Amino acid sequence: MKIGIMVSEGPYNHQASDTAYLFARTAIEKGHKVPRVFFYHDGVNNSTKLTEPPQDDRNVVNRWSKLAEEHGVDLVVCVAAGLRRGIKDEILAPGFRISGLGQLVEAGIQCDRLVTFGD
Amino acid sequence: MNDTMDDMEGGEGVVKKFMFVNRKAPHGTIYALEGLEVVLVSAAFDQDVSMVFADDGVYELIKGMNTKGIEVKDFSKIYRALDGYDIEKLYVEKESMDARGLSEDDLIVDVTVLDSAEMAKLMAEQDVVISY
Amino acid sequence: MLHIVNKSATERNSLDSALRMATKGSAVLLIEDAVYAATKGGAAAAKIQAAMADCQIYALGPDLDARGMSGRVLDGVKIVDYGGFVDLVTEHNVCQSWL
Chain H
1 MKIGIMVSEG PYNHQASDTA YLFARTAIEK GHKVPRVFFY HDGVNNSTKL
51 TEPPQDDRNV VNRWSKLAEE HGVDLVVCVA AGLRRGIKDE ILAPGFRISG
101 LGQLVEAGIQ CDRLVTFGD
Chain Z
1 MNDTMDDMEG GEGVVKKFMF VNRKAPHGTI YALEGLEVVL VSAAFDQDVS
51 MVFADDGVYE LIKGMNTKGI EVKDFSKIYR ALDGYDIEKL YVEKESMDAR
101 GLSEDDLIVD VTVLDSAEMA KLMAEQDVVI SY
Chain B
1 MLHIVNKSAT ERNSLDSALR MATKGSAVLL IEDAVYAATK GGAAAAKIQA
51 AMADCQIYAL GPDLDARGMS GRVLDGVKIV DYGGFVDLVT EHNVCQSWL
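Residue numbers (the working numbering), protein chains in the order written: chain H, 1 to 119; chain Z, 1 to 132; chain B, 1 to 99.
Keep in mind that a hint or two might mislead.
What the hints assert, rightly or not - Calculated pairs, DSSO-like style, for lysine-lysine (alpha carbon to alpha carbon, straight line, at most 30 Å):
| # | chain 1 | residue 1 | chain 2 | residue 2 |
| --- | --- | --- | --- | --- |
| 1 | Z | K121 | B | K78 |
| 2 | H | K2 | B | K78 |
| 3 | Z | K89 | H | K2 |
To be clear, the hints were calculated from the coordinates, so they are not data collected in a lab. The structure displayed is predicted, hence computed values, not measured ones.
Using the sequences plus the hints, can you model the full thing?
Listed below in structure tokens is the structure:
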């Protein structure tokens with residue numbers, strides 16, 4: 001199956017991004033496809049390359065980038081929500097791209113399932 | 001482009017039932033405003049769109065809001081513009097209204113009031129549910 | 001239909017709303033802080049037990065473990081891992097997250 005994901009909260013503040021990542025990784029391991037993860041509301045903050053979490057804890061941003069690199073997951077950051085929160089092209093981590101809300105609607109149309117992770 | 005992006009091609013002419021579930025009050029958080037923005041964009045995709053207001057989401061539709069004092073954008077009029085975008089299916093849960101002492105007369109836009117059982121049935125019929 | 005609840009029932013009313021609007025035969029999956037609702041003696045235990053008459057209730061095992069709650073799960077609640085979470089999503093025609 002093709003499973004789309006929406007992440008509505010930023011890294012560390014809420015568990016949403018962690019749960020979404022573990023769900024996505026497991027879905028891929030089980031042979032499903034995760035064509036797109038759409039980051040909305042504070043979820044856009046998952047995309048910044050400026051993150052520097054402590055060394056002894058998970059790196060939420062980097063592991064999304066790794067999922068994109070290894071499995072071709074399209075990580076899309078909402079342009080409007082991003083601009084509100086100061087997320088622009090020049091600070092995006094690898095694998096993320098900025099685009100419009102249409103990409104979320106498209107994921108709903110094209111995927112077999114769409115799961116929201118938020119607060 | 002990689003294989004996974006190819007999965008996002010095609011699908012022209014597909015019409016799915018999209019439900020957008022609003023359960024948060026306006027202004028205390030951004031979900032009401034940014035939730036509206038998704039719905040407006042969805043209008044361009046010719047999908048079968050419903051908006052549901054339950055729990056504190058019913059407060060999003062209250063008429064007579066004045067945001068001058070808190071200095072934030074007043075977006076309440078956008079709900080009245082939805083039918084111009086062919087977004088006409090607005091549902092409000094009766095139990096949520098009753099629990100908050102509200103009636104349809106308090107609302108800025110015409111809605112269809114459903115009780116929980118009717119709302120549950122409507123939700124189960126959807127293809128995609130996006131929640132805030 | 002699959003209903004996913006992620007907030008504690010003593011913090012927010014999401015569980016109440018999900019149970020109110022789950023049709024008979026639905027599945028309800030508790031994740032993150034919502035797993036506390038699936039524990040014996042918890043404030044939501046009675047609600048969960050009543051809901052079992054109409055719905056299958058699941059709780060995400062890793063979230064129970066993380067919170068030290070694995071030994072207190074109510075009888076009748078099925079514990080799943082992330083693989084089971086994925087299966088629930090694919091097995092039900094649509095899912096809704098009650099945030």
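Against the structure, the hints:
no.: 1; hint: K121(Z) x K78(B); in the structure: holds, 25 Å
no.: 2; hint: K2(H) x K78(B); in the structure: holds, 26 Å
no.: 3; hint: K89(Z) x K2(H); in the structure: holds, 28 Å
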